[in-house]
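**Q** Sequence:
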Amino acid sequence: MQDYFLIGGITRLKIFRVPEFGPRASFRLERPGESSVICSVADDVARQFIAHYREGDIVAVTGAFEPRPSTASSMTPWAGRFRVRTLRVPEVIWLAA
Numbered sequence: 001m002q003d004y005f006l007i008g009g010i011t012r013l014k015i016f017r018v019p020e021f022g023p024r025a026s027f028r029l030e031r032p033g034e035s036s037v038i039c040s041v042a043d044d045v046a047r048q049f050i051a052h053y054r055e056g057d058i059v060a061v062t063g064a065f066e067p068r069p070s071t072a073s074s075m076t077p078w079a080g081r082f083r084v085r086t087l088r089v090p091e092v093i094w095l096a097a
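In terms of the numbering used here, the sequence shown opens at residue 1 and continues consecutively.
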């Protein structure tokens, strides 16, 4: 899988905990002039994300697009998602401040 680097604003943030796997978060990354991207965050990255980021924050994320699982039923809705591996506040925001 190829890693991509995206920058955008956090919208539609949902935080939840799966007892067997720990904290998870999902959100849309709104990118001006481009399509929004559905993102998912898990494990240690989710812990960092939940502690430091909120709805409306601008973030830079690195990760990979996950296609629909081949084992999924054709009746299962699946839009695909971007699995976040790293995240941070973009430096350009700090330089502009």
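Mixed in with the good hints, there may be bad ones.
Computed beta-carbon distance windows for the label pairs [what the hints assert, rightly or not]:
| id | residue 1 | residue 2 | range |
| --- | --- | --- | --- |
| 1 | Thr62 | Lys14 | 16 to 24 Å |
| 2 | Val18 | Ala64 | 31 to 39 Å |
| 3 | Gly33 | Arg83 | 35 to 43 Å |
| 4 | Arg83 | Glu30 | 14 to 22 Å |
| 5 | Lys14 | Ser73 | 22 to 30 Å |
| 6 | Arg12 | Thr86 | 28 to 36 Å |
| 7 | Glu55 | Arg83 | 18 to 26 Å |
| 8 | Gly33 | Gly80 | 30 to 38 Å |
It should be emphasised that the hints constitute simulated quantities derived from the structure, not laboratory data.
Just so you know, even glycine gets a beta-carbon here, dropped at the ideal spot from N, CA and C.
**Q** Each hint should be assessed against the structure and marked as holding or not.
**A** How the hints compare with the structure:
Against the hinted window of 16 to 24 Å, the Cβ-Cβ separation of Thr62 and Lys14 comes to about 21 Å, which satisfies the hint. A C-beta distance of roughly 21 Å is found between Val18 and Ala64, which places it outside the suggested range of 31 to 39 Å. At roughly 24 Å, the beta-carbon separation of Gly33 and Arg83 lies outside the given 35 to 43 Å, and the hint is violated. Range check, Arg83 to Glu30: Cβ separation about 18 Å, and the 14 to 22 Å hint holds.
Judged by the Cβ atoms, the range 22 to 30 Å given for Lys14 and Ser73 holds: they are separated by roughly 23 Å. Roughly 21 Å separates the CB atoms of Arg12 and Thr86, a value that falls outside the hinted 28 to 36 Å. Taken as a hint, the range 18 to 26 Å holds for the pair Glu55 and Arg83, whose Cβ atoms sit roughly 20 Å apart. With their beta carbons about 20 Å apart, Gly33 and Gly80 fall outside the hinted range of 30 to 38 Å.
Violated hints for the displayed structure, listed by number in ascending order: 2, 3, 6, 8.
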